[in-house]
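A.B. asks: These are the residues of each chain, in order.
2 protein chains.
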Amino acid sequence: MTIGIVGGTGDIGEGMAMRLSPLFDVIVGSREKEKAQVTCESGIETLKKRGQSCSLTGVSNQTAIDDADIVILAIPFRHLTGTLETLEGFEGKIVISPVNPMEKRDFFTSIPPPEGSAALLIKKLLPPSARICTAFNTIAANRWKSLDEELSYSVPVCGDDDEAKQQVMGIVNRISKLHAFDAGPLGASCLVESLTPLLLNIARYNKMKDVGIQFK
Amino acid sequence: MTIGIVGGTGDIGEGMAMRLSPLFDVIVGSREKEKAQVTCESGIETLKKRGQSCSLTGVSNQTAIDDADIVILAIPFRHLTGTLETLEGFEGKIVISPVNPMEKRDFFTSIPPPEGSAALLIKKLLPPSARICTAFNTIAANRWKSLDEELSYSVPVCGDDDEAKQQVMGIVNRISKLHAFDAGPLGASCLVESLTPLLLNIARYNKMKDVGIQFK
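Chains as they are written, first to last, in my numbering: chain A, 81 to 296; chain B, 81 to 296.
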């Protein structure tokens with residue numbers, strides 16, 4: 081199974097690629113293919129030093145869609161619409177959104193678009209056959225990158241296509257100690273997307289770093 | 081310190097009273113004082129059988145405000161405005177809101193009022209000197225009532241009055257194994273109030289019961 085990461089040279093995407101590439105074939109997309117290649121070379125090097133083999137290739141964002149079975153949109157919310165308008169080929173693909181529409185004012189807060197959530201906006205922008213799920217919304221970039229640390233977190237997953245959701249939950253459960261939970265249909269994704277500003281506030285007001293979440 | 085529970089004969093209030101009354105002086109309010117007295121007699125009996133002494137008295141909702149230092153509004157969101165309009169005497173009191181504005185449609189979802197959150201609506205309805213904090217939003221009624229079980233959960237607390245927030249966090253931290261986290265000012269309470277519909281969805285779609293949350 082090939083996983084494509086659109087925006088894979090960003091903060092979140094880079095750590096994701098390192099965690100996923102020992103488990104799956106990963107293609108990292110960027111607006112500039114060369115940048116993706118540099119990121120991947122550095123990632124391969126890091127994993128090699130740790131004695132881990134991996135499958136990690138730098139490509140353009142468009143190729144990260146075309147050649148993948150599952151596409152992760154590792155894009156900040158503010159660039160979501162602009163980026164998706166330049167890309168195509170999402171028909172029938174499983175598309176994972178870890179995107180959180182939020183802003184830092186005096187504190188972090190959720191600012192969902194008129195559609196209700198980033199996931200529902202993505203649904204509007206992509207062809208109807210794209211099978212969209214939310215996942216990985218609450219895993220901080222630094223945690224993805226800290227390869228020596230287990231990721232002992234819960235990951236709520238929303239989606240309307242049950243088979244796609246099961247596949248996404250299966251991927252989540254293979255990564256470190258992540259534990260996937262079905263959080264309902266895509267319409268419920270606004271509840272998942274408002275977790276990250278809450279966790280950022282908790283980090284800030286309790287002098288903590290990279291706070292995560294567990295359901296129990 | 082005396083803690084008054086308005087709506088203390090409801091599902092959440094009853095369990096709260098049982099957990100709090102061995103630690104604090106608790107007065108349980110109800111629209112009908114007699115109902116509160118029956119609830120308290122039953123609670124005292126239960127705690128006595130467990131060898132726990134307690135301070136637990138049934139009163140009217142108005143007395144639960146007048147005679148308390150700290151007031152917990154254990155009221156469902158749909159009755160919040162109606163109930164608060166019949167009550168007075170909140171001046172200078174610490175008022176805790178565990179209220180979550182939510183609805184069950186096909187799934188559970190958050191339906192914040194125009195003010196942005198139940199806590200901000202309460203702020204609008206009460207006198208300016210009331211010191212409002214959110215707390216206990218995510219602890220399920222059944223967990224409160226299961227006195228044999230430790231409550232190993234995180235409790236996010238929002239509020240604009242730092243001294244009140246510290247007092248509320250201190251109360252949280254004395255109950256079982258609850259762990260209070262400062263979740264920022266009252267303006268950030270919408271993020272806390274949307275946790276419960278998420279947890280209810282997770283319980284439903286993963287066949288779990290009374291799901292709680294931990295930050296880590």
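Take these hints with a grain of salt, some might be off.
Treat identical chains as interchangeable: a pair holds within one or across any two.
To be verified - Calculated cross-link-like contacts (lysine to aspartate or glutamate; reagent style EDC-like; alpha-carbon spacing at most 20 angstroms):
hint, residue 1, residue 2
1, 128, 230
2, 257, 242
3, 296, 230
4, 289, 262
5, 115, 149
6, 296, 149
7, 287, 242
8, 113, 230
9, 184, 171
10, 184, 240
11, 257, 195
12, 296, 228
13, 184, 165
14, 257, 149
15, 289, 112
16, 129, 262
17, 204, 240
18, 113, 290
19, 115, 105
20, 113, 195
21, 287, 240
22, 289, 91
23, 257, 229
Hints in this document: simulated from the structure, not taken from any laboratory.
A.B. asks: Does each hint hold? Answer for all of them.
C.D. replies: Right, here's what the structure says about each hint:
1. 128 <-> 230: within (19 angstroms within a copy, 45 angstroms between copies)
2. 257 <-> 242: Neither: 23 angstroms inside a copy, 37 angstroms across copies.
3. 296 <-> 230: Intra 18 angstroms, inter 13 angstroms, cutoff 20 angstroms: intra and inter.
4. 289 <-> 262: between (26 angstroms within a copy, 14 angstroms between copies)
5. 115 <-> 149: Answer is neither; intra-copy 22 angstroms and inter-copy 61 angstroms both fail.
6. 296 <-> 149: neither (32 angstroms within a copy, 33 angstroms between copies)
7. 287 <-> 242: Answer is between; shortest inter-copy Cα gap is 16 angstroms, intra-copy 39 angstroms.
8. 113 <-> 230: neither (30 angstroms within a copy, 53 angstroms between copies)
9. 184 <-> 171: neither (34 angstroms within a copy, 32 angstroms between copies)
10. 184 <-> 240: For residue 184 and residue 240, the Cα distance is within 20 angstroms only across copies (18 angstroms; inside one copy 30 angstroms).
11. 257 <-> 195: Result: close neither inside a copy nor across copies, 33 angstroms intra and 39 angstroms inter.
12. 296 <-> 228: Close across copies (17 angstroms), not inside one copy (25 angstroms); limit 20 angstroms.
13. 184 <-> 165: neither (26 angstroms within a copy, 35 angstroms between copies)
14. 257 <-> 149: neither (23 angstroms within a copy, 44 angstroms between copies)
15. 289 <-> 112: neither (31 angstroms within a copy, 48 angstroms between copies)
16. 129 <-> 262: neither (36 angstroms within a copy, 40 angstroms between copies)
17. 204 <-> 240: within (14 angstroms within a copy, 38 angstroms between copies)
18. 113 <-> 290: Classified as neither: same-chain Cα gap 30 angstroms, cross-chain 47 angstroms, threshold 20 angstroms.
19. 115 <-> 105: Result: close within a single copy only, 19 angstroms intra versus 64 angstroms inter.
20. 113 <-> 195: Cα proximity of residue 113 and residue 195: none, with 32 angstroms in one copy and 46 angstroms across.
21. 287 <-> 240: Answer is between: at 18 angstroms across copies they meet the 20 angstroms cutoff, but 37 angstroms inside does not.
22. 289 <-> 91: Classified as within: same-chain Cα gap 16 angstroms, cross-chain 36 angstroms, threshold 20 angstroms.
23. 257 <-> 229: within (10 angstroms within a copy, 26 angstroms between copies)
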